[in-house]
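*Asks:* Given the coordinates of chain Y, work out where chain H should sit on it, guided by the hints.
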Amino acid sequence: MRELVVFTVLFGIAVLIHLAWLRMAPPRPRRAIATLLMLFSVVLSAALLIHSFSRNDGSLGFWSLLHVIEAYVGISLVYIISYLGLLEDSPSVTMVRFVDIAGARGRARDEFDEVIGAGELIRSRMEAMEAGGLIRVEGGRCLITEKGRRFEGRFGVWQRFLRLEMGG
Amino acid sequence: MNPLADAYSGLVLLPLLALTANIVLHAGLSRARPPGRPWRKLYISFLAGFFGLVLGLILIVPLGRWSTSDVVSWILLDLVVYVCGAYCYFHFVNINIASLRLRVLRELKQRPAGLAMSDLDAIYGARAIVDGRLRRLVSSDNLVEEGGRFYLGRRRFFLALFWVFEGLKRLFLGRGNRLIERRSS
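If you read the protein sequences in the order shown, they are chains Y and H. Numbering-wise (this note's numbering), the first sequence opens with residue 258 and increments by one. Numbering-wise (this note's numbering), the second sequence opens with residue 155 and increments by one.
Excised from the complex, chain Y in its bound form (with noise of 0.2 angstroms):
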């Protein structure tokens, strides 16, 4: 029982300083990952920190431990997918929601193009991108950098392996 109320607490102290964080500081799209990484790392550090300092009867052995981390960084792993879910608004929700408005009088094809606007999601992404130094933009065109070849290439092994259709 102590392993699942340390893992709530830990999980809980880490959300509440990321909600804190957020309510003094706008989010910053471009940084989430790494400043998550590191919230959710440090509280976790500072957790085992705690709990080494403090040997005895009640302290957790190693599986009980073993048993808390695997579970906080599993749910860690999912609130940063998550959160980053929530900084862009996802093309395939967006248009089921809309076709759920609708009702029974559904949608045709040409009305999907009211919600997702031209352009406007492929330039957030180059700008993310450019950010991101995946890629460069020289005299009006856009190039891929080294990092960006690397970081496709890593995808590209794992989509040929299981064979999935090209993304996008």
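Among the hints, erroneous ones may be present.
Computed, partial: chain Y to chain H, Cβ under 8 angstroms [said to hold, decoys possible]:
hint, residue
1, L334
2, S339
3, T351
4, M352
5, D370
6, E387
7, L400
8, E403
9, E409
Hints listed in this document are in silico derivations from the structure and should not be mistaken for laboratory results. Ideal Cβ positions, reconstructed from N, Cα and C, are used throughout, including at glycine.
*Replies:* Showing chain H alone in chain Y's frame:
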């Protein structure tokens, strides 16, 4: 050796084993079956891993003389580990399928002279995005197409996802889906 500690170590490692089984099975299905229908393969492998987890719990839990509250809390932790791991894997696969960034990087990789923004818009503009997504939403039963119009399908996974994200957006960012809000205003 303490048999209670051994049984508990099994409970701790069980969700990791189930997750490994999920990923290995998905990779096996992806290699062995024809390409396409990625969600079905993910769903099958998720369920297989989940059943493995449940079976493991059924085998391990009777080995230890634990209190009910301990058993319930450990099962909850195991479920958290398995479901969270499976969710992360789902996103990893989904990035390879649906990421605009990867698609654009691939286009740029094939063109050493690069591409102008207007070219990218033409190659991969909103219309292409919408068409690709509609195809996938119809093939996954989230939408159905009848007489040239689209309606909600049997599966409501993406609609449920919309509401989960809508609630979270309001909590964390103080706003909802901007694409829908812009159209409503």
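*Asks:* Grab the minimum C-beta distance from Y:S339 to chain H and call the hint holds if it beats 8 angstroms, violated otherwise.
*Replies:* holds, 7 angstroms
*Asks:* Do the numbers back the hint for Y:D370, that is, is its least Cβ distance to chain H under 8 angstroms?
*Replies:* OK, holds: Y:D370 within 8 angstroms of chain H, min 7 angstroms.
*Asks:* Given Y:E409 as an interface hint, is its Cβ closer than 8 angstroms to any Cβ of chain H?
*Replies:* holds, 4 angstroms
*Asks:* So, Y:T351 near chain H? Judge it on the closest CB pair being under 8 angstroms.
*Replies:* holds, 5 angstroms
*Asks:* Please check whether Y:L334 passes as an interface residue: C-beta within 8 angstroms of a C-beta belonging to chain H.
*Replies:* holds, 5 angstroms
*Asks:* Tell me if Y:E403 is really an interface residue toward chain H, meaning its C-beta lies closer than 8 angstroms to one of theirs.
*Replies:* At about 11 angstroms, which exceeds the 8 angstroms cut-off, the nearest Cβ of chain H leaves the hint on Y:E403 violated.
*Asks:* Can we keep the Y:L400 interface hint, with Cβ of chain H closer than 8 angstroms?
*Replies:* holds, 4 angstroms
*Asks:* Verify the interface restraint on Y:M352: the C-beta must sit less than 8 angstroms from at least one C-beta of chain H.
*Replies:* holds, 6 angstroms
*Asks:* Next item in the hint list is Y:E387. Is there a CB on chain H closer than 8 angstroms to its CB?
*Replies:* Nearest chain H Cβ about 11 angstroms off; hint violated.
Hints 6 and 8 from the earlier list are contradicted by this structure; the remaining hints agree with it.
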